[in-house]
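Trainee: Listed below, chain by chain, are the residues.
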Amino acid sequence: MNIADQHDREHMKNEDKDRDAVSRAYRDARDSDVGGMAPPAALDDAILAAAHRAVHSGPKLAGSNWIRRWTPQLAVAAVVVLSVSVVFVSIEERPDLAPASIQSIAPVQKATRPEAVISTAEKTITGAVPAPETSVEADKVARKLPSEAAARDASAVRQEREAAVSEERNVAVSPANRPAPAPQVAAAGSQSIMPPAYPPAVQSVSPAPVPAPAADPFPNAISGAKADALATARKKERSDTRSPAAAEPARVEEKIAAAGSSRAKESGDAAAGVSAAASVSPPSRESSAIPVAPIGYAPTPLVKQLAPAATAKSGATVAPAHAPSPALADKARPNEQAASNVSTIEDERPGPWLKRLMELREQGKFTQLREELVRFRKVHPDVVLPKALTDLPAGP
Amino acid sequence: MSASEQSTDEDLMLRYQAGDAGAFDLLYARHRGGLFRFIGRQCRTREHAEELFQEVWMNLIQARERYRVEAQFRTYLFTLAHNKLMDYFRRHGRVELTLYEKGDAEGEENAIDRLAGSRVDEPLVRAESAQQSAAILRAIESLPAPQRETFLLHEEGGMSLEEIAVTTGCTMEAAKSRLRYAVAKLRDGLKEYA
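Residue numbers (the numbering used here), protein chains in the order written: chain A, 1 to 396; chain B, 397 to 590.
Keep in mind that the hints are not guaranteed to be accurate.
As the list claims (entries may be wrong) - BS3-like cross-link-like pairs, simulated, lysine-lysine; straight-line CA separation at most 25 Å: (1) K365(A) x K387(A); (2) K13(A) x K572(B); (3) K355(A) x K378(A); (4) K17(A) x K587(B); (5) K365(A) x K355(A); (6) K572(B) x K587(B); (7) K572(B) x K17(A); (8) K13(A) x K587(B); (9) K378(A) x K365(A); (10) K480(B) x K572(B); (11) K355(A) x K387(A).
To be verified - Beta-carbon label-pair distances, calculated as ranges: (12) G418(B) x V87(A): 51 to 59 Å; (13) H488(B) x M12(A): 35 to 43 Å; (14) S556(B) x A42(A): 30 to 38 Å; (15) D483(B) x L82(A): 49 to 57 Å; (16) A414(B) x R9(A): 43 to 51 Å; (17) S32(A) x E569(B): 29 to 37 Å; (18) R440(B) x H56(A): 35 to 43 Å; (19) V87(A) x R464(B): 49 to 57 Å; (20) D483(B) x R9(A): 41 to 49 Å; (21) Q527(B) x H11(A): 25 to 33 Å; (22) D31(A) x Y463(B): 30 to 38 Å; (23) A42(A) x A414(B): 23 to 31 Å; (24) G418(B) x L82(A): 17 to 25 Å; (25) K587(B) x A38(A): 23 to 31 Å.
Stated by the list, open to error - Which residues of chain B face chain A? A partial, calculated answer using Cβ under 7 Å: (26) G415; (27) F420; (28) R428; (29) F432; (30) R433; (31) G436; (32) F449; (33) W453; (34) I457; (35) S529; (36) I532; (37) L533; (38) E551; (39) V579; (40) L582.
In case anyone wonders, no lab produced these hints; they're calculated from the structure.
We put the CB at the ideal spot given by N, CA and C, even for glycine.
Build the full structure now, drawing on both the sequences and the hints.
Mentor: Set out below in structure tokens:
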């Protein structure tokens, strides 16, 4: 151990002694009243209170963090659930607010009933050709008919009516009953249109698929959708006919019928007259037993009631649409023969049909006879069958 | 002595961080005197000392979520106090700040000359009546700020040289030098009472 090391060691010892002495002196001074220095009690309380407040607010911070994290997701979920609920409740309470595709289900279901279609088709095949006599004056009135009323509602009802009608056509398509264009108006030279009117009862059944001629004799005829729209407008007008002021639309109907008939006369084509009469003679359930035009529209009771008045006013002879005049029936007969489907329809009238059934019996085709009888019964449930047809031998 | 009182400062701070307000009470009781003296002996007035003292504790409360046990709690606490003091010196344009920015040896004597007797007239110092106590306190107050802080950290915080270096942001050699100078000057100031 050299002298330097001893010197350093002594120096460190002295330093430690000095440090201890200074430290002791400082502690004495600190602990004495003279050197006492402490924070005031108020400051202590304030600091401790702040510390405790901070701790108690801790859980709130955690909760707010959780809420902040999940608030967007919860909001989105709530909006989705509420929206779906509102939509379902709305559809349940107000079916008319549902989309058109949903609304069209009910009418289509009604229209697809086979019996309804068949019965309506019967009307079209058994009808004579009511071609009312008209005058030129009536034709002029028909040309002036405004179509604004029909256009008002056309857009509103077009879609659902089209859906219903197309469905009916699909169901009723057969070789004898091809889907025909919409009821036609025989105002070839004019745009005045009077659509077929569907009485409410008939509308619920739905219009029947009508047999169309092989060649369309009325190139200017309106489309089915347009005719349907016009039908709606006409229905509105008819709803007002209970009041005296509503007589005008009825007269207009008759004039249109007269116009169609007049055109048929002018063209010399009886089919045109038939079509014109049909186009203004809507089908009605009440007149289902009455033979109607091939187009399939029976005259409405309204037309029947107002027909004499219209005749008196216009001076034209307007035959009741449901009562085919013999002269017009004779005129329409060649037209029926010209049209292939019309001839097919003729076969299902009770008389010829019974004849055919008798022929089948004589030929011994009992199986076919039974099938035809079933069909005949469906079409003509009120016709009394001859005994030869009721007493069929047993077996095939 | 209960289990809580035997817990270390770090455990108490962690418990307070977890929501135990009682742990903070213990921590505060342990360090309130030393911290207040550490701050009070470096401030001109008691009002400033109380203000800084409250700010230090409030900072500790607000920063409890970020507290990690990376050093001793007292180092953490006195570092907060050191930073507050630096802000205080800067805000009041005190010469002590220049001593921290200059080297330890440079201007040491001048600072002592400038500071000597400057705080004797303050009310806080005037209240100390005992001669020796007054003498050593006067000597402490006359020390250059870095030496005074180092001495106070050693005495009030019970820190080692390494901890002092960490708290004040200097090297360990600088801390050792500052402490040695401080003790030597205080010893000289106590000679007449020895």
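Trainee: Give a verdict on every hint.
Mentor: To see whether the hints hold, each was checked on the structure:
{"no.": "1", "hint": "K365(A) x K387(A)", "verdict": "holds, 17 Å"}
{"no.": "2", "hint": "K13(A) x K572(B)", "verdict": "holds, 16 Å"}
{"no.": "3", "hint": "K355(A) x K378(A)", "verdict": "holds, 17 Å"}
{"no.": "4", "hint": "K17(A) x K587(B)", "verdict": "holds, 14 Å"}
{"no.": "5", "hint": "K365(A) x K355(A)", "verdict": "holds, 14 Å"}
{"no.": "6", "hint": "K572(B) x K587(B)", "verdict": "holds, 23 Å"}
{"no.": "7", "hint": "K572(B) x K17(A)", "verdict": "holds, 16 Å"}
{"no.": "8", "hint": "K13(A) x K587(B)", "verdict": "holds, 18 Å"}
{"no.": "9", "hint": "K378(A) x K365(A)", "verdict": "holds, 20 Å"}
{"no.": "10", "hint": "K480(B) x K572(B)", "verdict": "holds, 23 Å"}
{"no.": "11", "hint": "K355(A) x K387(A)", "verdict": "holds, 13 Å"}
{"no.": "12", "hint": "G418(B) x V87(A): 51 to 59 Å", "verdict": "holds, 57 Å"}
{"no.": "13", "hint": "H488(B) x M12(A): 35 to 43 Å", "verdict": "holds, 39 Å"}
{"no.": "14", "hint": "S556(B) x A42(A): 30 to 38 Å", "verdict": "holds, 34 Å"}
{"no.": "15", "hint": "D483(B) x L82(A): 49 to 57 Å", "verdict": "holds, 55 Å"}
{"no.": "16", "hint": "A414(B) x R9(A): 43 to 51 Å", "verdict": "holds, 49 Å"}
{"no.": "17", "hint": "S32(A) x E569(B): 29 to 37 Å", "verdict": "holds, 34 Å"}
{"no.": "18", "hint": "R440(B) x H56(A): 35 to 43 Å", "verdict": "holds, 37 Å"}
{"no.": "19", "hint": "V87(A) x R464(B): 49 to 57 Å", "verdict": "holds, 54 Å"}
{"no.": "20", "hint": "D483(B) x R9(A): 41 to 49 Å", "verdict": "holds, 43 Å"}
{"no.": "21", "hint": "Q527(B) x H11(A): 25 to 33 Å", "verdict": "holds, 29 Å"}
{"no.": "22", "hint": "D31(A) x Y463(B): 30 to 38 Å", "verdict": "holds, 31 Å"}
{"no.": "23", "hint": "A42(A) x A414(B): 23 to 31 Å", "verdict": "holds, 28 Å"}
{"no.": "24", "hint": "G418(B) x L82(A): 17 to 25 Å", "verdict": "violated, 48 Å"}
{"no.": "25", "hint": "K587(B) x A38(A): 23 to 31 Å", "verdict": "holds, 30 Å"}
{"no.": "26", "hint": "G415", "verdict": "holds, 5 Å"}
{"no.": "27", "hint": "F420", "verdict": "holds, 4 Å"}
{"no.": "28", "hint": "R428", "verdict": "holds, 6 Å"}
{"no.": "29", "hint": "F432", "verdict": "holds, 5 Å"}
{"no.": "30", "hint": "R433", "verdict": "holds, 5 Å"}
{"no.": "31", "hint": "G436", "verdict": "holds, 5 Å"}
{"no.": "32", "hint": "F449", "verdict": "holds, 6 Å"}
{"no.": "33", "hint": "W453", "verdict": "holds, 5 Å"}
{"no.": "34", "hint": "I457", "verdict": "holds, 5 Å"}
{"no.": "35", "hint": "S529", "verdict": "holds, 3 Å"}
{"no.": "36", "hint": "I532", "verdict": "holds, 5 Å"}
{"no.": "37", "hint": "L533", "verdict": "holds, 6 Å"}
{"no.": "38", "hint": "E551", "verdict": "holds, 6 Å"}
{"no.": "39", "hint": "V579", "verdict": "holds, 5 Å"}
{"no.": "40", "hint": "L582", "verdict": "holds, 4 Å"}
Violated hints amount to a single one, hint 24; each of the other numbered hints is respected by the structure.
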